[in-house]
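Chemist: For reference, the chains in residue letters:
Number of protein chains: 4
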Amino acid sequence: MKMKHIKKIAEEGIWGSGYVQLWDFSHANLSEETRVEAVATVASICYGRPARDAKKLVERLWTESGGLPSSAFEFVRDGRSPGIEDSLRNNPQLATYENDPGETKEELVKRHRASIATFRLKVPIFVARQIMRHRQFSYQELSRRYTDDRRVPPEFLGPEKSEVGTAGIGLFQLAYTMEKQIYRLLLDSNVRAEIARAVLGTGLYTELWMMGDQEAWANYFALRLDPHTQKEHRELAQAMRNLLEECQPKLAI
Amino acid sequence: MKMKHIKKIAEEGIWGSGYVQLWDFSHANLSEETRVEAVATVASICYGRPARDAKKLVERLWTESGGLPSSAFEFVRDGRSPGIEDSLRNNPQLATYENDPGETKEELVKRHRASIATFRLKVPIFVARQIMRHRQFSYQELSRRYTDDRRVPPEFLGPEKSEVGTAGIGLFQLAYTMEKQIYRLLLDSNVRAEIARAVLGTGLYTELWMMGDQEAWANYFALRLDPHTQKEHRELAQAMRNLLEECQPKLAI
Amino acid sequence: MKMKHIKKIAEEGIWGSGYVQLWDFSHANLSEETRVEAVATVASICYGRPARDAKKLVERLWTESGGLPSSAFEFVRDGRSPGIEDSLRNNPQLATYENDPGETKEELVKRHRASIATFRLKVPIFVARQIMRHRQFSYQELSRRYTDDRRVPPEFLGPEKSEVGTAGIGLFQLAYTMEKQIYRLLLDSNVRAEIARAVLGTGLYTELWMMGDQEAWANYFALRLDPHTQKEHRELAQAMRNLLEECQPKLAI
Amino acid sequence: MKMKHIKKIAEEGIWGSGYVQLWDFSHANLSEETRVEAVATVASICYGRPARDAKKLVERLWTESGGLPSSAFEFVRDGRSPGIEDSLRNNPQLATYENDPGETKEELVKRHRASIATFRLKVPIFVARQIMRHRQFSYQELSRRYTDDRRVPPEFLGPEKSEVGTAGIGLFQLAYTMEKQIYRLLLDSNVRAEIARAVLGTGLYTELWMMGDQEAWANYFALRLDPHTQKEHRELAQAMRNLLEECQPKLAI
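Chains as they are written, first to last, in my numbering: chain W, 1 to 253; chain P, 1 to 253; chain D, 1 to 253; chain B, 1 to 253.
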């Protein structure tokens, strides 16, 4: 899938293999075509690769979860009503820009950027767990269930030598090496992959999309830049805020 | 803390060390006293033990998260408006029954039971991760950050021999034993516990409170009793639904 | 087998689970009966338990190794010609005391004690490997091939905390725990035990008999009390020499 | 050290990384110069590399073990009296061929080849342990104490897939990977290498020289080609015998 409307704006690496990517979804609701691109882009994170036929995927996702639309449809929002409850998923009546041209396209895009920010993150599970406690955001996460380990091999967060010392680094490597080997042995013994993964530590990297409006980000930064938050999560929040300050300063409150 | 108003109704064991407990929070909003008991009961899961001074704890929690109330206040709800948005946390104007006796106490309790169900669960992290994707519920989870490992030692889900065979069982034990030993070695090396835990597999048991209204439960069961859901999560959902059928049949849709 | 003629003289513990036992084999060559007791005592170390029928065992051992007598017959020696080449194994013509009473029994015993010393040791494999480079001694070692692991469970040398620190102790325990678990998993997978044991570290304790004449001991102590010898072997040699000084001073040169 | 007199005759690989090399030491006792080459060749196995100054090394080795010559001097033998007791180490009066030309050089060499065979082997420790129970041979073994792990990195015998299955292979790899990592961690913690190696399994490859006369080899093959001998040792003995049959048939009895 060649992306025309949904674009990456900026990117920062973090902790070796992690990343923080700021994306622009301001064109997501322009037309049926841009909606398909937006939803397929978000949903394909589950599979660890782009969709082969975006349109078909999006059709299928509309009745995915017990007949309800996939949460990928929450990533189609309109800057005029940026909340999760007015996303395409929760408001199927949401008009595209084409059908409802109350503003110029430029105004619409500008408003979207002032009220909604969207990140794609690669972070360890223990950080993702804390992120996903924030219920004001829309999320879509890589699913190892639908992703071939050969395409997205298990990778783990190794802490910094300056913090844990040579011995600490070695212990983390030992644990991670062993976990990957035992995981592989379990798969070779025909144990279900989804249960075999129970041996992989929460330092395992996962990937996720995260979209929120101004209020969601304000709450998030208030909490996650606070010194009581775990160091890794603070570092992530700071990296996200830095990108917003640069590209969408109205959201970096 | 001796509990007078908040009560466990029923309990089922699951997968060896796990459990599913159905609790009655119908008295949570009767008075200031019952609110304190409800909030302290929920919040104390974070610490792995009952609060010493419930009133003080609850006062502190009111401005916990960057000045906002802890999500434990979401467990004080009124059966007449059972949604999360009308919980004490999100609606500080919520009247107690004492101040707003529009119904008899019996009616109120009955209505609560017909519209809200509350579970305390002990499940592996990989199941908790899936549960917490459901944003219509209120949650409070054990925090290993605030819980002494000696009080709540790390325990892991071991799959059944009938499924993974003797060799499979042995591999899981090997992984878990090793993870616990390396975790211990990291702590002995003064590595921060919250990062050392990155080596513990997602088979690690956690504990959580989960409260939802009728709609939340309907969506949850539609999705999690579906054959596409991972076996362990289906087993859990079935166990929860069984308890509801027995004790709060209106919610076991 | 109740022992009447072959006796333990003294014993010292070493490194937690190890031991150094000094034994008296001066009566080994008095008669056919004492020979049987001596050979069966030595040989039964292979099996990790006393022989059920000593006489039968000894008969079988006479043509054990490709038709040759077992080295257990080297432990029947006469103080008048204490070298390994004049042991019963290498000199089948060796007369018992009964048949060749050139001395009083007391003289014979005294002479034996002045010229031959016999130890039973429990030491890690890496020490046993160094011991057995000394070809002037007779040896008989526990054979895990013939010994049930449940009777003699694998045990490992853990170094002292004062030397390797808490972290070091933890790493050794981690390695040993894991080796025992993988060994068990290999056995459960029907891998030959003798090859599965390849995963067990050389810190694994073994047990052995060791008999030598004065010259053998003189060479041994010259080499193994030397500061160039590995610390553990020096500690062992010192413990052996201490027992000799006390009980057979002529051999503690 | 460029070798002129001591030569490898034939070589076979075994079990992946192992080897069986047949060497020709028939020129070892021709002169002082050939003696130096023979002793230095054998002794340098301890260090995992050729000696820089062979002559100096050999001088030092003459009073190595508590004032006694190193066992490397046992590899200088004369075909007319091929036993270990008449080697240069045990009989310092042994004349070189130059000083005692009772035979032509060709006769001497021929006689040596008919009565003495010398191997260099790379085998796991558990096989080396069994080999070294045969006291009629001369041995010299790689010493990890004097060998840099980077020059001779730890390698382990992995059993064949056809015997232990995919799961078995995986378990051996898991054990060996972990042992190497923990060994490395112990070294990084400044634990003595010689004690840290206690965590390495007896599947660890070692290298050794082994020289014996006709009687020694006859006993060895009688015992080690016997079906009661462990499979790996039988395979080794068979490989050695094959090389002898081809190159020194008088010793392949």
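Derived from the structure by calculation, the hints contain no laboratory data.
Warning: the hint list may mix true and false statements.
The list makes no distinction among identical chains, and a pair is therefore deemed to hold if it is satisfied within one copy or across any two copies.
Once the Cα atoms are required to be at most 30 Å apart in a straight line, the calculated DSSO-like pairs of lysine-lysine come out as [as the list claims (entries may be wrong)]:
{"id": "1", "residue 1": "105", "residue 2": "56"}
{"id": "2", "residue 1": "4", "residue 2": "110"}
{"id": "3", "residue 1": "7", "residue 2": "122"}
{"id": "4", "residue 1": "110", "residue 2": "180"}
{"id": "5", "residue 1": "122", "residue 2": "231"}
{"id": "6", "residue 1": "56", "residue 2": "231"}
{"id": "7", "residue 1": "105", "residue 2": "4"}
{"id": "8", "residue 1": "8", "residue 2": "250"}
{"id": "9", "residue 1": "161", "residue 2": "180"}
{"id": "10", "residue 1": "161", "residue 2": "55"}
{"id": "11", "residue 1": "7", "residue 2": "161"}
{"id": "12", "residue 1": "122", "residue 2": "180"}
{"id": "13", "residue 1": "8", "residue 2": "105"}
{"id": "14", "residue 1": "105", "residue 2": "161"}
{"id": "15", "residue 1": "122", "residue 2": "250"}
{"id": "16", "residue 1": "180", "residue 2": "231"}
{"id": "17", "residue 1": "8", "residue 2": "56"}
{"id": "18", "residue 1": "161", "residue 2": "56"}
{"id": "19", "residue 1": "8", "residue 2": "122"}
Remember, it's a predicted structure, so these values are computed and weren't measured experimentally.
Chemist: Check each numbered hint against the structure and report the violated ones by number, ascending.
Modeler: Of the numbered hints, 4, 10, 11, 14 and 18 do not hold.
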